[in-house]
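J.: Residue strings, one per chain:
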Amino acid sequence: MEIVINTEDPVPIFTQLVKQIKQAVLSEELKTGSALPSIRYLASDLNLNHKTVAKAYRILERDSVIVTKGYRGTFIHPDAKANSTVDLNQWASDELRNTIRTLRESGVTDSEIRIAFRDEMNNRNL
Amino acid sequence: MPENIIFFVVFSSQIFLLSFYRPRKLFNLLDQVFETYPPERYPRFYPRPMEFYEKTLKKSRILNICSILVVLLIVAMRYTYLRKGNWDSLMVTICFLIQTLPLILLNISLKKDYKLMREQDSRTIRKAELKPIRLFDFISPGLIGMAVFVYISFAAFAIYIVQIDDEWYEAFYYIFLVSLIYLLFAVLIKKAVFGKKWDPYQSDEDRKRQVKLIVRTFVCASIVVTIYLALSIAFSFAEMRHFMPAVWSLYLQVMFLIPFKTPKIEDKNFEVYKKDTPAVKTN
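In order, the protein sequence lines correspond to chains A and B.
All residue numbers in the first sequence are consecutive under this note's numbering, ending with 126.
All residue numbers in the second sequence are consecutive under this note's numbering, ending with 1283.
Hints are computed from structural coordinates only; laboratory data are not their basis.
What you are looking at is a predicted structure, and each value in this text was computed from that prediction instead of being measured.
Note that the Cβ used here is the ideal one computed from N, Cα and C, for glycine as well.
Be aware that one or more of the hints could be misleading.
[To be verified] With a straight-line Cα cutoff of 30 Å, these simulated DSSO-like cross-link-like pairs (lysine-lysine) come out:
1. A:K19 x B:K1268
2. A:K19 x B:K1059
3. B:K1268 x B:K1059
[Unchecked claim] Residues on chain A that point at chain B, a partial pick, calculated with CB under 10 Å:
4. V4
5. P10
6. Q20
7. L26
8. A35
9. L42
10. D45
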């Protein structure tokens, strides 16, 4: 499976990586248990900073699309296909949109929403 | 003295291989590359002006001639002025370093090009194959098995020597040394297989070929080092130390020649260095 990265694309590089790997899982180009190249190797091949690839792998691991098995490497998660359809970013946007709508309907002003959002984001106890 | 004759033959071979044969082959190869793949058609291959490469090659040739003269002077002084025919391993090492210096400097100089290539790489579309790599993609399990076998045999041999002569406890030091060398080579192999790609334009096949060569070199080198140390113990134990300079010279020649298997330029994909080449699959 081939990864194509466009550095001039406004979409962040790590997002391009995440999307293409998920797409490959959905189209079964990458099957359950398939091994992926190491972060450093892929970063070197694409001439990218390894932190960018590491970030993409972290997101994929969080979404249970890939699984890292220590020194043995990184593999496609057994439930990757089902999990690839879940878009946490989209879900977060939807949740926020609904909350903002509810708050506006209740009469809370935008600046009050922003302050409340900022305060809650800064709340380390969350 | 037979050891002197043996040494003379082996050391002559060192001079021929390291000062004449190998440099000539490498210089001719570079000449051929510059001629067949000029910067006008393959600009990505030359991150610096062509004059730089011509000058570097010329300097290396001169340096190589100087190194030959210095080595021959050392040999002449050893045999004529000092009236001393016995060679020690240190002198062989000094000659080896002088002989290899021009090629090492040339390699260092050309290696800097990869950094410039990466800096000048302005492609916005980059491609890579999403498939894992394994050590055994680059080397046969048989050769790895052989390296392990040689290591175990060496350890058994060293322990055997200690058992028949208590004073040979330094054999353990040799086991430690070999273990360290194996560890070092393992790290270098890992770096070659999973590490950074130096040439950003390099094609998949070329990279595989290069990594294969590096891995095989280190595995073979670890075997050769172990055999050399085993010989060193055996010769010292049998009071045959006077043969060691010849063995040492032979060892250095083998170590020097293992990594320098001349690549055929026809095998290398130079199309990737053309200016109008679109983003190529790099792996």
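J.: Holds or violated: is there a CB of chain B closer than 10 Å to the CB of A:V4?
T.: A:V4 check passes; min Cβ-Cβ to chain B is 5 Å, inside 10 Å.
J.: Hint validation: A:P10 versus chain B, beta carbon distance must be below 10 Å. Holds or violated?
T.: Hint violated; A:P10 Cβ to chain B Cβ min 12 Å, cut 10 Å.
J.: Checking hints one by one. Is A:L42 an interface residue toward chain B, by the C-beta closer than 10 Å rule?
T.: holds, 6 Å
J.: So if I understand the rule, the pair passes when the alpha-carbon distance is 30 Å or less; does B:K1268 with B:K1059 pass?
T.: holds, 26 Å
J.: Checking one constraint from the list: CA of A:K19 to CA of B:K1268, max 30 Å. Satisfied?
T.: violated, 34 Å
J.: Was the hint right that A:Q20 lines chain B, CB cutoff 10 Å?
T.: At 8 Å from the nearest chain B Cβ, A:Q20 passes the 10 Å test, so the hint holds.
J.: Hold the hint about A:D45 up to the distance rule: shortest CB distance to chain B must be less than 10 Å.
T.: Holds. Min distance 4 Å.
J.: So, as I understand it, the hint says A:A35 touches chain B; can you test that by seeing if any CB pair is closer than 10 Å?
T.: With Cβ-Cβ at 4 Å, under 10 Å, it holds.
J.: So if I understand the rule, the pair passes when the alpha-carbon distance is 30 Å or less; does A:K19 with B:K1059 pass?
T.: Measuring from Cα to Cα gives roughly 51 Å; hence the hint is violated.
J.: Given A:L26 as an interface hint, is its Cβ closer than 10 Å to any Cβ of chain B?
T.: Because about 14 Å separates A:L26 from the closest Cβ in chain B, which is outside the 10 Å limit, the hint is violated.
This entry does not satisfy hints 1, 2, 5 and 7, going by the numbered hints stated previously.
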